[in-house]
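**Student:** Combine both chains into one complex, guided by the hints.
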Amino acid sequence: MATNLKPVDVVVIGLGAAGGVAVLPLARAGLKVAGIEAGTWMDPHRDFHADEVYNNVRRLVSSSPKAQRECPTVRATPSQQARSAGVHPMMNAIGGTSIHYWAQSWRLKPWDFRTRSESIRRYGPNSIPAGSTLEDWPLTYDDLEPYYDIIEQEVGVSGKAGNIQGRIDPAGNVFEGPRQREYPMPPLRGAGFTDHMMDAARQLGWKPFRPPAAINSQPYRGRNPCVFHGYCSAGGCHVGAKNSTATTTIPDAVRTKNLTIFDKAQVTRIMTDANGRTTGVNYIRDRKEYFQPAKIVLLAGYTYENSRLLLLSKSKAYPNGLSNNHGQVGRHYFGHWVSNVSALFPTDINVWYGLPAQGATVDEWADDSFDHAGLGFIGGASLHVYTERHPIDAAAMNTYGRAPLFGSAWKKFVHENAGRVASTYLQTNTFPYETSFLDLDPEVRDPLGDPVCRITAGGVRENEQRALQHAQNKMEQWFRAAGAIEVTKPPNNGPGISTHAYGGTRMGDNPETNVVDPWGFSHESPNLGILGASVMGSSGARNPTLTLQALAWRTAEHLVKNWKSLAA
Amino acid sequence: MIDRMKSSDVSRRELIQSAAFVPLAALISSAQTPQAALTPAQMKTLVAFIDRLIPTDELGPGAVASGAQIYIDRVLAGPNANEKAAFIQGLESVDAYAQRVHGAPLAELSAGKRDQVVNEMVDSPFFNRARRLTLEGMFSDPYYGGNKNFAGWDLIRYPGPRPAVAAGDQALNVEVKPYRVSAYGANYGH
Numbered sequence: 001m002a003t004n005l006k007p008v009d010v011v012v013i014g015l016g017a018a019g020g021v022a023v024l025p026l027a028r029a030g031l032k033v034a035g036i037e038a039g040t041w042m043d044p045h046r047d048f049h050a051d052e053v054y055n056n057v058r059r060l061v062s063s064s065p066k067a068q069r070e071c072p073t074v075r076a077t078p079s080q081q082a083r084s085a086g087v088h089p090m091m092n093a094i095g096g097t098s099i100h101y102w103a104q105s106w107r108l109k110p111w112d113f114r115t116r117s118e119s120i121r122r123y124g125p126n127s128i129p130a131g132s133t134l135e136d137w138p139l140t141y142d143d144l145e146p147y148y149d150i151i152e153q154e155v156g157v158s159g160k161a162g163n164i165q166g167r168i169d170p171a172g173n174v175f176e177g178p179r180q181r182e183y184p185m186p187p188l189r190g191a192g193f194t195d196h197m198m199d200a201a202r203q204l205g206w207k208p209f210r211p212p213a214a215i216n217s218q219p220y221r222g223r224n225p226c227v228f229h230g231y232c233s234a235g236g237c238h239v240g241a242k243n244s245t246a247t248t249t250i251p252d253a254v255r256t257k258n259l260t261i262f263d264k265a266q267v268t269r270i271m272t273d274a275n276g277r278t279t280g281v282n283y284i285r286d287r288k289e290y291f292q293p294a295k296i297v298l299l300a301g302y303t304y305e306n307s308r309l310l311l312l313s314k315s316k317a318y319p320n321g322l323s324n325n326h327g328q329v330g331r332h333y334f335g336h337w338v339s340n341v342s343a344l345f346p347t348d349i350n351v352w353y354g355l356p357a358q359g360a361t362v363d364e365w366a367d368d369s370f371d372h373a374g375l376g377f378i379g380g381a382s383l384h385v386y387t388e389r390h391p392i393d394a395a396a397m398n399t400y401g402r403a404p405l406f407g408s409a410w411k412k413f414v415h416e417n418a419g420r421v422a423s424t425y426l427q428t429n430t431f432p433y434e435t436s437f438l439d440l441d442p443e444v445r446d447p448l449g450d451p452v453c454r455i456t457a458g459g460v461r462e463n464e465q466r467a468l469q470h471a472q473n474k475m476e477q478w479f480r481a482a483g484a485i486e487v488t489k490p491p492n493n494g495p496g497i498s499t500h501a502y503g504g505t506r507m508g509d510n511p512e513t514n515v516v517d518p519w520g521f522s523h524e525s526p527n528l529g530i531l532g533a534s535v536m537g538s539s540g541a542r543n544p545t546l547t548l549q550a551l552a553w554r555t556a557e558h559l560v561k562n563w564k565s566l567a568a
Numbered sequence: 001m002i003d004r005m006k007s008s009d010v011s012r013r014e015l016i017q018s019a020a021f022v023p024l025a026a027l028i029s030s031a032q033t034p035q036a037a038l039t040p041a042q043m044k045t046l047v048a049f050i051d052r053l054i055p056t057d058e059l060g061p062g063a064v065a066s067g068a069q070i071y072i073d074r075v076l077a078g079p080n081a082n083e084k085a086a087f088i089q090g091l092e093s094v095d096a097y098a099q100r101v102h103g104a105p106l107a108e109l110s111a112g113k114r115d116q117v118v119n120e121m122v123d124s125p126f127f128n129r130a131r132r133l134t135l136e137g138m139f140s141d142p143y144y145g146g147n148k149n150f151a152g153w154d155l156i157r158y159p160g161p162r163p164a165v166a167a168g169d170q171a172l173n174v175e176v177k178p179y180r181v182s183a184y185g186a187n188y189g190h
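Those sequence lines, one after another, are chains H and S. The numbering of the first sequence is my numbering, which starts it at 1 and goes up by one. The numbering of the second sequence is my numbering, which starts it at 1 and goes up by one.
In isolation and in its complexed conformation, chain S is listed as follows (with noise of 0.2 Å):
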């Protein structure tokens, strides 16, 4: 007999029967579901600041093209769901910054002034947060939201999750061709 058993048996035997496993495929579910966590305002102060992280230029598509702005807004109405609050605080203060500064929302101001309000705000928190989440939306399989037509995967030149990879594949010097398809499938990614 344990010692804990004697004094405390009704109350254990209720933990017991209250500690249920989860499930991993719920977690899986949960991550999946295209809900949104961001309000349209909110939503256009994060596609202005995260426009000027990974801009559209001559390489390609940025961030926002790419649909980095959806992997995130899914993710904090999911997976990240703990952190949504001070995502969006985060955002709050970007644009009180912007209208201090430079008398508008962020949003409102032109790519130039974006730019400064970015600059200014290199290795804070929110910026660090925001820049995460943007590479992994980014840069992600499309399954999840981003990397709208593998315009992530092409930028860093990525070869792509071909399901078996020959010798040559991993030669040096060599230019292996793109393999553009999701792990999941024809139906992501375009």
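Here chain H stands alone, though its shape is the one from the complex (with noise of 0.2 Å):
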């Protein structure tokens, strides 16, 4: 039987991305918080370099062995066998994916709030993508912008504003929402090609600007600036200034000694009573099962742990898994369309250095930017060129036919070229559909026994393959003008797994399509919160950490100031 532990206010399951920020008002609050994470801290000194080898080839920072125990299986459709997806980034870390990601730290729209009424609005109701499940999200961008701004304050994130309250600066991205005020930190420098593809979008008219980061573009309540050294993608940063939670909000959060870290300790079930109310966690450290009794449960994993654990968390008032009564749970599940528009140019562009962050965007062709009548498709991509460049990924590098794969020829070849590619990521207005799902596996169990995840990616999606289809082409437009000699646009299948995925646990006013409320509470066991991307109900046109975060924050905000009618 499970060890029963000191009852506590809230417990945190999870400290990456978005429990590690929730923490933070929790504490300063004088909630007494137990943070249950199944890995630990790292130490930039031992666990971060500046090694392709160890960062990307190995993934020994991204790839904990707990996370791979469980990593999910996929499958296109259900008429398919799941395979293990093999690798997937869920981290198990104190600061998590937060850890070793790209640090873009972007607000989403005030569109991508509204997607479903602005679309039918704007181009009719035919307009919405058939057998998508889109449903406006249950609060608008100005209701999110308050706690946006506290994230980008807290954590601390380099941008130029766009728009700060109708304002517009066209060094910022004019296609912002408004913002109350400044980024608390300037861009991340341009490195020269940055720059020379910032000249080249405007010649064509358009309105490049450098992209929000949380990176130090300067020192930083007394945290390092970025030194640029071009190991930034999955790797942790060893000067710190990388703003993962793990040294930004959880540090704030333990110094306010109202939080209590449980590290190596793997959550087993979520426990309810005969009321369908939580009660605590069972976890396992060091080989033992404990009970953490709690008035409140965050939960905060993984987009594909969130759902996996509720739906292992049957009981009697949950037969078919915790909150999932009206069977949302794993539902309105989708994986960001993302994709790499490489380029070669003729000279050398000197990307080695640097940080996929560090970069320029252009959002003309994203989100509801221009005029979608006739095209077939709502939404769009940001368009981001960016540096850091590796040698063995530099010497592997596509030979565009003009070169053999081996020999004197492609040596000559790598030595003129090697340092004249660009990379891009291009992110799509992605969507829920019916046919995409998380449940759990019947077949693959993890050591402990229990189904891991198992994602139903849904197939063809022809509203995202337009809207990708159409940014390649406008970003194949931007490297001529700035010079390409080839231009390589990959084909869009969209994710299997993914290292944004949303939905299984959506946001929304109705409880019979959405598993949380519009606070984040759940609509069946009222004192459940969860946080993180699995209650998105659409990604917008750029990564979704910032917002997740702003999300997790507002919940523990909600949290504090309704805790006698939450917590009774």
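Keep in mind the hints are simulated off the structure, nothing from the lab. Take these hints with a grain of salt, some might be off.
Stretches of chain S that chain H covers, calculated by requiring three or more beta carbons in the stretch to come under 8 Å of a beta carbon on chain H [to be verified]:
id, region
1, 132-146
2, 156-170
Distance windows between CB atoms, simulated [said to hold, decoys possible]:
id, chain 1, residue 1, chain 2, residue 2, range
3, S, Ala65, H, Ser79, 45 to 55 Å
4, H, Arg122, S, Gly168, 39 to 49 Å
5, H, Arg189, S, Gly60, 27 to 37 Å
6, H, Lys412, S, Ala86, 44 to 54 Å
7, S, Asp123, H, Thr77, 28 to 38 Å
8, S, Val101, H, Val239, 49 to 59 Å
9, H, Lys288, S, Ala86, 32 to 42 Å
Since the model is a prediction, treat every value here as computed from it, not as a measurement. All residues carry an ideal CB built from backbone N, CA and C; glycine is no exception.
**Tutor:** See the structure below:
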């Protein structure tokens, strides 16, 4: 039997990007918080290196053993056998995936919160993609704006505002929603190549800008600025310039003495009483099982783990899994449609150093920034060119049919061209569909005997395919304007397992189609809150972390303000 | 109480007690143990093969002079052990092919004949895997056994993992002075 521990006010499952920010407002309000994390502290000196084999080939920062043992299986449609996805950078560590992410820290657009009604208003009801389960979010951009601002300040985000209270500044993103104030740090400096790409975009009449990043462009709250050494992707920051929750909100929460961290502790079940309220969590640490009682449970794992843990936590009140009496857990899941359009230039572009968040971004072809009449899709993609190129990856470059794959002719080709290739990150507005969902795999189990999460990706998505193809063509136009001599546009088939995974516990007013209410608390189990991209009902055309952190802070603040009614 | 525990409490306890965390450090140390995966004969075939993938020529040292075979041998003994059998089978089939078509195992053929063999294998699974591991060996940090004297980084003009990068080092049309130190210190690479 599990050993009973001393009750706490709030137990937070997972101290990653989401749980790692939620603990701070809770601890500051004086609530006693237990943070249960499967991983532990990472040591910047021991664990983070300027080494491509370590970070990118063996993925020693981004592939935690527990996450690999529980790696989801994937299939396109229910008629197929799901197969293990192999590896996934779901992270077990204090700080979670914010340890090794690219730290691109975007606000979504006002349109993202009202995509359904705005698309119907502008393009008619047939513009909503067939088979999608898209709903307007139950909150607006204006509702979330104060929380975006809090995260930008507390975590630390570098950037340039394009819209401060309606005042437009073309040095920033003119397509963004209004912000109450400027970013707390100026944007990361440009590189020669990203400046060159900005010039090319302006020649096309576009409005490029330096994108926001949770990377220090200057000393911030006693932490170091970025050294641009070129090993940010899938690596941790050895100087502490990448603002993971492990270096920002979690240490701040620890200092209040109200947060107790239980590391190397794997939560196996969320427990409930006969009335359907959560009572705490069971976890395993050092081969022993414990029960941590709490008045409130906040579930803050990765998207796949959030649905999985709910589905595993069956009880009399929830025979099909916790908070799943309406059959919505695992539904409205989707992975972000993304693409890399790459290009070869006739001269050296010197992008070896830097980091993926050091770049130039164009937002003309994302969201509803342009007229979609007659195009056959809604949404689009942000176009982002960036720096950081590693030597093995560079040597493994496409030879574009200009050289053989081996021998002296190949050597001559890479000698000349390895430093002339640019990569991009195109992120598409992606939506949920009836045919994409998460459930428990009927065959594959983890070492504890629990089923792993199974992803049913759902097959062809005409809307997203067209939107991304449109954006790829714009990216090619941009590269050609900048002088590229070869451009490669990979085919778009959508993700299987994804590093930007959304849904499964969607947020919305309607309990028939959503797991959590507009504040992030379960419609069915009132003292269960859920944090992370699993509550997001659409992706936006940009990285999810800042949005899921703003939502997490908002859920935690709601809990503090309504403690008596929620914890009663 | 959760359903499954009622029926299988005992076996579940056993499972819990057996589920130890594998520390990251264990993975890293196994990656760095210089063990040999290949026999001398297999190594001879590997060297004969990757010598043609990236030959030594007027542009500088090739894969063998850079020690890519040392990297490959180590990873097949350590972190890539799960592909060791398939890789050795690939080496054996290369030798069998060389024997059948050219009358001798690969290592005994002239450079020109070996080029023919490699060319006929382009895009085969073994070619792709051997090429990938050769690139890893030649262009990785010399800490891992290859990229001797930073020959790989010199070939592609990678400026090296300098600890801090100034704005001028990221300008267009500059020749950045190569920084030739391993991320793990000056003991590696020479």
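**Student:** The structure should be examined with respect to each hint, and the outcome stated for every one.
**Tutor:** Hint check:
1. 132-146: holds (count 9)
2. 156-170: It holds: at least three residues are needed, and the region 156-170 of chain S offers 12 whose Cβ sits within less than 8 Å of chain H.
3. Ala65/S x Ser79/H: 45 to 55 Å: At roughly 53 Å between Cβ atoms, serine 79/H and alanine 65/S fall inside 45 to 55 Å, so the hint holds.
4. Arg122/H x Gly168/S: 39 to 49 Å: Once the Cβ atoms are compared, 47 Å apart, the range 39 to 49 Å for glycine 168/S and arginine 122/H holds.
5. Arg189/H x Gly60/S: 27 to 37 Å: 34 Å Cβ-Cβ, so the 27 to 37 Å window holds.
6. Lys412/H x Ala86/S: 44 to 54 Å: The hint (44 to 54 Å, Cβ to Cβ) is violated, given that lysine 412/H and alanine 86/S are roughly 32 Å apart.
7. Asp123/S x Thr77/H: 28 to 38 Å: Taking Cβ atoms as reference, aspartate 123/S and threonine 77/H lie about 30 Å apart, which means the hint holds.
8. Val101/S x Val239/H: 49 to 59 Å: Holds: the Cβ-Cβ distance is about 56 Å, inside 49 to 59 Å.
9. Lys288/H x Ala86/S: 32 to 42 Å: 40 Å, holds
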